[in-house]
Structure formats: structure tokens, C-alpha cells
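Now for the letters of each chain:
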Amino acid sequence: MMADAVSVSVSAPLPSAVGKTFIRVVEVWVPGNDRSLLEFSAGLYGSASRFGALSRQMCFGRGEGLPGQAWEEGRPIVLKQFEGSTFRRTKAAEAEGLTCGIALPIFAGDFLTAVLVIFCGDDEEHAGAIELWCNDPAASKDMTLADGYYGSTADAFEFISRRTAFRKGNGLPGMAWESGLPVFIEDLGKGAGFLRADSAVKVGINRGFAIPCSTPGETAHVLAFLSALATPIVRRFETWLPFGQGHAECLYRSGGFCEATGTVSEAGGDDFIERGQGCLGRAFISGVPALGGAAASEPGAVGAAARTAGLQSLVALPVLRAGRLVAVVAWYF
Amino acid sequence: MTVNATPALNTRRTLQIQDAGMVFPTKRGPYVALRDINLDVQRGEFVTLIGHSGCGKSTLLNLVAGLTTPTSGLLLLEERELKGPGPDRGVVFQNHSLLPWLSCLDNVLLAVERVFGDRENKRQLHDRALAALELVGMSHAVVKRPHEISGGMKQRVGIARALAMEPKMLLMDEPFGALDALTRARLQDELMKIVAPAATSPGATVLMVTHDVDEAVLLSDRIVMMTNGPAATIGEVLRVDLPRPRNRVELAEDRAYVQYRKAVIDFLYTRHSHVEKTA
Amino acid sequence: MVSAVFHSPRDSALPADAAAPVRSAIDAKSRKALKQRTPAPALPRDPFDWRGLGARVLPPLLGMALLVAIWAVLTQKSTTFPTPLAVFDAAVKLFADPFYSKGPNDQGIGWNVLYSLERVALGFGLAAVVGIPLGFLIGRFKVLNAAVAPIVSLLKPVSPLAWLPIGLLVFQSANPAAIWTIFICSIWPMVINTAVGVQRVPEDYLNVARVLKLSEWKIATRILLPSVMPYMLTGVRLSVGTAWLVIVAAEMLTGGVGIGFWVWDEWNNLNVAHIIVAIFVIGIVGLLLEWALLAVAKRFDYS
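Protein chains in written order, with my numbering: chain P, 1 to 333; chain S, 334 to 612; chain B, 613 to 915.
Hints in this document: simulated from the structure, not taken from any laboratory.
Built from N, CA and C at the ideal position, the CB exists for glycine as well.
Where hints are given, some of them may not hold.
As the list claims (entries may be wrong) - Going by beta-carbon spacing under 10 Å, a handful of chain S positions derived as facing chain P:
hint: 1; residue: ASP352
hint: 2; residue: GLY354
hint: 3; residue: VAL356
hint: 4; residue: HIS385
hint: 5; residue: ASP547
hint: 6; residue: THR566
hint: 7; residue: VAL570
hint: 8; residue: GLN592
hint: 9; residue: TYR593
As the list claims (entries may be wrong) - Residues from chain B that keep clear of chain S, each with C-beta distances beyond 12 Å, as calculated:
hint: 10; residue: VAL669
hint: 11; residue: LEU670
hint: 12; residue: PHE707
hint: 13; residue: LEU756
hint: 14; residue: VAL760
hint: 15; residue: SER785
hint: 16; residue: ASP877
hint: 17; residue: ALA904
As the list claims (entries may be wrong) - Quick list of in silico lysine-lysine cross-link-like pairs, DSBU-like style, CA-CA up to 30 Å:
hint: 18; chain 1: S; residue 1: LYS501; chain 2: P; residue 2: LYS141
hint: 19; chain 1: B; residue 1: LYS754; chain 2: S; residue 2: LYS360
hint: 20; chain 1: P; residue 1: LYS141; chain 2: S; residue 2: LYS416
hint: 21; chain 1: S; residue 1: LYS477; chain 2: S; residue 2: LYS455
hint: 22; chain 1: B; residue 1: LYS830; chain 2: S; residue 2: LYS416
hint: 23; chain 1: S; residue 1: LYS477; chain 2: B; residue 2: LYS825
hint: 24; chain 1: S; residue 1: LYS501; chain 2: S; residue 2: LYS477
Given these sequences and hints, build the entire structure.
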């Protein structure tokens, strides 16, 4: 899986019309040819076009900025405080109302294929959280919270998350940890609770998905995205798995969830995505996340779903384990 | 307090359970009660095991007590492998298990003799037993027989018997389950006082089984939530950071207490029943 | 507190027009009433519970009286069967001198009863010495239980009197044979009850023993023995009843001294009144034995 430096600049908006999503900006950074710098590969900026314009011109060395830090440390980074950190786009981010950045490095073994960077915008109306869970097998059997972004709401969840340890196979992060595959849970069953002490609104944070992060080293990392019903993180979530033994030639959709249409079933028949076909196919062969600004024109089931649900943008995120691709996650906005 | 010269990390762990599992042979084939149990209990920690009936929490406690031998895995008490029951783990059963033909004092004396009998004379043993009964507030019923005292008092004597042995760990299997709510509340408060650290001693190390959520949050430093059987295992572990001493009346309104309680209830009652979607 | 304000004879001393201050007057009134109420009125001393006594004693007495009455009516005109009065007279004569001794076969009723009791004691004692430890072993070790259970089941229902000829054959004499018969019949309840008692020792107590890591000896003496005691005593009580029953029958067949023999002897003399007296005596002694053992059992009852 060679990581070609595909520089695709996409500026299609992350829709802000029909309700907002937690995630505002998605970027892909890939190592340059000499592998000393991270270069801009693709980005979905929505209304934050100036931030996009700035970012496209940047590049990061190892340890520099948010993506560089993820590369250097070999683990996902959650950045809640832009000031005083290695973050280099603080003013621009603040200007666009972005409040949290997450860098998700994708390693094939020790080899970095790309860094996916997500920015969220804090919002009074948004109830959700992004949590980074990890387990050091040498130290314990517990998966504990390494860091988390809770927005201006959901402090009660942070309180409990900080004190909870999951075992393999239990809870959202535990399930992703055990299976090594993305996990989507339509209803976490956390029961409705008051998110803020002074809030009169009882909301359940009950929808969530977790992505296991392939990193060098033994420590297992899982990035969990939690959202309340009214404020989804993404509009549609799908998991695609490689089909066939040995050298898998295509992907089939194993399931997912759509805010508009509900549970997404396993695709039957011959609705496959071939290697290299569309965003998902590109992510499949390269191991580098692919972004698409015109989801409706994507081939096969992807495009059809986007058209049906009125979704515009697409993120195809490859999930690796032990150097091999085990799934491709599709996020629609 | 004596200072440990080489305080290696391990010496603070009173109990280590490593990959323990329990399979029972039954007429209908092997029944997997527990699998992949890993747990460390630090010295002075109060840990509760909570879960629905049939989740194997009592089986796990029996493994620690040595009343059952695990079919797989290892249990270590202060670095030494557990080989059967013994007075280094004081057990408090749900049915007090006081011998009805002995007085309260004699019941405690039975345990005291067993542990200290070869080193101390009768007077000293007697004093030990009396001290234990005083600790649990039962000095007034020293000569009474079990049938002459109430359920709550019987349980107190049970606790006195366990503590009198000066065990390394206190194991309690739903000790207050058979009592009415008010008695239970009183005994919970007293238990907290008894096991709390004092000037001359570190707090007792306790492993307790319960299925009362409030009891778990009130008493514990950590709550170990078990999944449902068969093949039950540890699902989540919640660290309870409430400061001690804990007052139940004050805590009733405490935001943190309410959150802890809700987290445990969510595990037991909300997540228990829904269907999860995986990739 | 309205109920506290009531008019006692003392309150009537208050002036009827005590208007000012009305409130304090009422308070004073109620306070006074309270004061009078506070030392709880002494309950009248319980009168002797004649009713209860009557309820307990009368029915049995009436029952007995009825029996005697029926008896009297039935034997009014009989020539063979004595009337209650006749029996009473005979009884008086017998108990006037219960411990006379005119020879080996002619002893007072008191002696006869004592001889029988002596045999019972011996046979029964032997049965206890053999049966109770055997019961312990059977209860504790499943293998033994499996081995011995069929034998017990087989021999248990055999009538005691069937064992008598074997006794006579082996021991060649009436006394040991009778004791043997008592032994073989009273042993079964003891074995079985003790075994059951050992098997039924609550798991909880055994867990206590395990958790304390008590030695086998300590387990046996401090846990098993006291726990099994109630069952053992039940076995003993059942055995005594059987033993007493058996001795009378055995003595009838073997002769010699004893209450059973005496009954047979009096039958040969056609002294029916004496037989009836003997029946009463046997019954009363049996009852006394039962009561004595019940009292012992109660002492070991821990509930």
C-alpha cells in the first residue's frame, strides 16, 4: 500500500443547512516523498473556507503542529486548548469558531500512511463528546480515558468517563478494542441525564461510534465519538469490509446508521466497491483517507445513499490492524 | 507506621487475580461460570463486586476465599498463590453462620483460638474476642446465644469473628442482604467506621459482593461491574472518588454521588437490555 | 393533644369563668391532665388464669373419665372382665407393697418394672454405643453409606420378635436374648437418624469450619456433634419407645422377671384386673421415659 501524495483539494461545504454536525472540518495530511514533512492532501472545510485556504499552504515536520505531533508520538491527539500548544493555526481556528482538534494517525506497522485531522466547533446546542481511550497491555487489562473533548456540555459524562475503566469487549471503546473494527451503537443505553448542572434539558448521549487506531507499539488506542440524538457527529456512518479471502479485491457494506433513514443493513447482491473505485476504493488501496465533496456522484451504493439522504460530503477512513486493512469507514455529511 | 524499605509496586497489592476462570461440571455439560477475570486490589481498598444474579460474583468471592479452586488462572494473596481457605481471609457470609450452640463470645473465640491459640494463653484469647465484639458494638451480648439476638446483631458478630482473626483481607458476600433497610443502613455506616484507617493501622482491605447500587457507591473505593452469566467477566470498573468519611444524608444530594449511582444503574439496568450493533 | 385534656375530679376545682388568660388556663389544665397521665396507670395484677388451666387440664380428664365410664358400663354385667372399681382395688393392693420379694418369680410390681427397665437400659445402651458412631460414619462417608444402606433397609422392618429365637439360640438364656432383641430393634432409628443428622449439617457451618481451617477432630467435636445432637436425640427417643414396646413382648415369651413376664403370669392366673393394671403401668412408664427424653432434647434445642 504505497501512500501516493494525492493532493486533492476539495472545498465542498460540510452542510450547515439541515442542522449542524459536531464535526466541522476534516483534513488529510500525508508524508511527503522524502518522508520528512506532512503535506496537505485533502480537506473538507464547510463554511470555514479561510481556515481551509490557510491550511492548504502549510506543511508540518515531525512533532510540529497537530498532525506532526500525532506522527511523532504515534498516537491520536486531542487538542482542546489551541493557545500555548504546538498548534500553528490558532487565530484562524478561533476566527472560525473551531474549538477542538483531533489528529488521528494511521500506521501500517511503524509506517505512517496519513494523519486525519478533525476539527469540531463548540456550540451551545451541541451535546457530544470525543474520547480517546487507551490500554497498555503491560500495565493492566483496563482501557481508560486518556483524553476527551466534551464541549461546553456533557460535563457529567466527563466526570464518569474519567473514572471508568472498560474491559475488553465491554462498552463502546471495549468492543472496538476487542474486535479491531469500527463499532457503531445506535443506542448506548446510558439513560437520559442532565448534561449540564444548570440545564433544564434532559438529553441522552446515546449514539456513538468508536474507531480503533492502529499505532506502532503495544498500546491500544480507540477514538470514540458520542452524540446526542439531536446533534449527530456525522449524518451517516457506514462500515465496509474487504470481501474474499487472501488478496481482497473489493469492499462490501456490512452495516451502519443514517440519521435520516435509520439502520443501514448489510448490502446484499453484488453491490461492491472495487479497488480504486471512488473515495472508498481509493482509501482501500492506498490506506490513506479519501475525502469527496460530491457524495452524490460517487459510484454504486455510496452515491445512491448520498442521493437518497441528501448528503453532500464523504470521508473514507481506512482502518488498519497489524499493517493490514480490515475495514473502511464512510462518514457522510 | 513502619516504612517499607523497598516499596516495590507489588507489595501494595494485597490481592491479584490473573486470568481466572471457573467451569463447573454439570449433568448437562460444563457450565462456564467465569472467564478472564483480572483484578488487583490494593491494600486498604474497598472494592465491591456488583452484578445481576447469576453473574458469578459469589463464585468469584468463593475463589478468593479459597472455598473453590479456579479451573484456570491464578490468585495471589500478597504475592503468594492461594491454596484453599484460611484465616488470612476473613469471610462474612450472608447467613451470619454463627454456631447456634455457642455464645457470641464462644463463636468469636473459635476463630481467635484457631489463629492465635498456639501463641497466646486463654486470658489473651479471651481479651481478643472481647475486643472484637466491642468493635462491632456487641459487648452487651457477649454471653447470649445467636437465637437470642436479632439478625443485624448476628451479622455484627459475624463481622467480629472475621475481624478478630486479623486477616489480610475481609471478604463479604452480601453481608447485609438478609436485613431490613434500616438495619442495613446502620450496619453500612458502622462498617465504614470499622474499616476506616486509623492512627495505628491502615484501613482494612475489603472485597464485598452486593447487588445494592447505593451500598456499592456509598462504601466502595472502586466498583467492579460484572457482565451477565454464563461466562461472566468484568465489564467495567468505576473509581469512586467521594471523600471520606461519607455521610449518607449529605451524599443523597451530592451531584457526584448521583452521577456515580446513575453510572452503575446504567450498566446494570439500561445497557443490560438493549441490542448492540457492531461492525 | 386534645385527648389529654379531660376532666378529672381534680380539674373540676377550676373556676368556671376563668376567661383570662384562657390559653394558659387550658394549658394548665392539659398540663395537669398530662401529669396525671404520665405515670402510666398501674395495670391490675393478672388474676390467676383459671381459664387457661381449665383448658389444658379439663379435656384430658374428661376424656379419661369418659373412657372409664364406658368401661364401667360395658363391664357392669360381665363376669370375666373386671370393672374399673375392681381394677382400682387391685391396684391399691399392688402398690401398697410394690417392692416385696418372695422368690425369684414372685416379686413386687416395682421390682418387675425395674428389671424391665434394666434390660431396656442395657440393650438400648449397647445400641447407642454401636449405632451412633456407625451413623456418624455412614453420614460422613458416602461409600459406607452405599454399602450399609441396603442392609439397614432390609433388616429395619423385621419384627423384633422374629429376632428373639436367634437370641435364644446364641445366648442360650432369656436375659441376654431379651437384651439382644432390644438391641437389634432400637439400633436402627439411632443409626439412621444420626446419619441423616450428619448429612444435614448446614453447609454454612461446614464453610465456617473450612474458612477457619479447623482440624478434623475440631470439626467433629465442635461442629458435627452439636449439630447432629438434635437428630441423635430424636433417634434415641424413637428407640426408647420401640425398646419399651419390645421388652414387654420379649419377656412374655421368655419368662423370668420383668413386667412383661408378670403380665403373662397374671394371664395364666386369669387375673385380668392385674393385667389391666400392668397395661396402665407400662403405659405410664413409657410416657415418663418419653417425657424425660423430650426434656433432654429441649435442652439441646438451639432455636
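A quick look at each hint next to the structure:
1. ASP352: holds (9 Å)
2. GLY354: violated (14 Å)
3. VAL356: Nearest chain P Cβ about 19 Å off; hint violated.
4. HIS385: violated (15 Å)
5. ASP547: Where the cut-off is 10 Å and the nearest Cβ of chain P is about 17 Å from S/ASP547, the hint is violated.
6. THR566: It holds, given that the least Cβ distance between S/THR566 and chain P is near 7 Å, below 10 Å.
7. VAL570: Holds: closest Cβ of chain P sits about 4 Å from S/VAL570, inside 10 Å.
8. GLN592: holds (5 Å)
9. TYR593: Check passed: Cβ of S/TYR593 comes within 7 Å of chain P, closer than 10 Å.
10. VAL669: holds (31 Å)
11. LEU670: Per Cβ check, B/LEU670 is outside 12 Å of chain S; nearest 34 Å; holds.
12. PHE707: Nearest chain S Cβ is 42 Å from B/PHE707, so the label holds.
13. LEU756: holds (24 Å)
14. VAL760: holds (27 Å)
15. SER785: holds (43 Å)
16. ASP877: At about 48 Å from chain S, B/ASP877 clears the 12 Å cut-off, so the statement holds.
17. ALA904: holds (21 Å)
18. S/LYS501 to P/LYS141: holds (24 Å)
19. B/LYS754 to S/LYS360: Measuring from Cα to Cα gives roughly 19 Å; hence the hint holds.
20. P/LYS141 to S/LYS416: holds (24 Å)
21. S/LYS477 to S/LYS455: holds (20 Å)
22. B/LYS830 to S/LYS416: Roughly 21 Å separates the two Cα atoms, so the pair holds.
23. S/LYS477 to B/LYS825: Holds, because 25 Å separates the two Cα atoms, which is no more than 30 Å.
24. S/LYS501 to S/LYS477: Holds - the C-alpha atoms of S/LYS477 and S/LYS501 are around 29 Å apart, at most 30 Å.
Going down the numbered hints, you'll see the structure goes against 2, 3, 4, 5, while the others check out.
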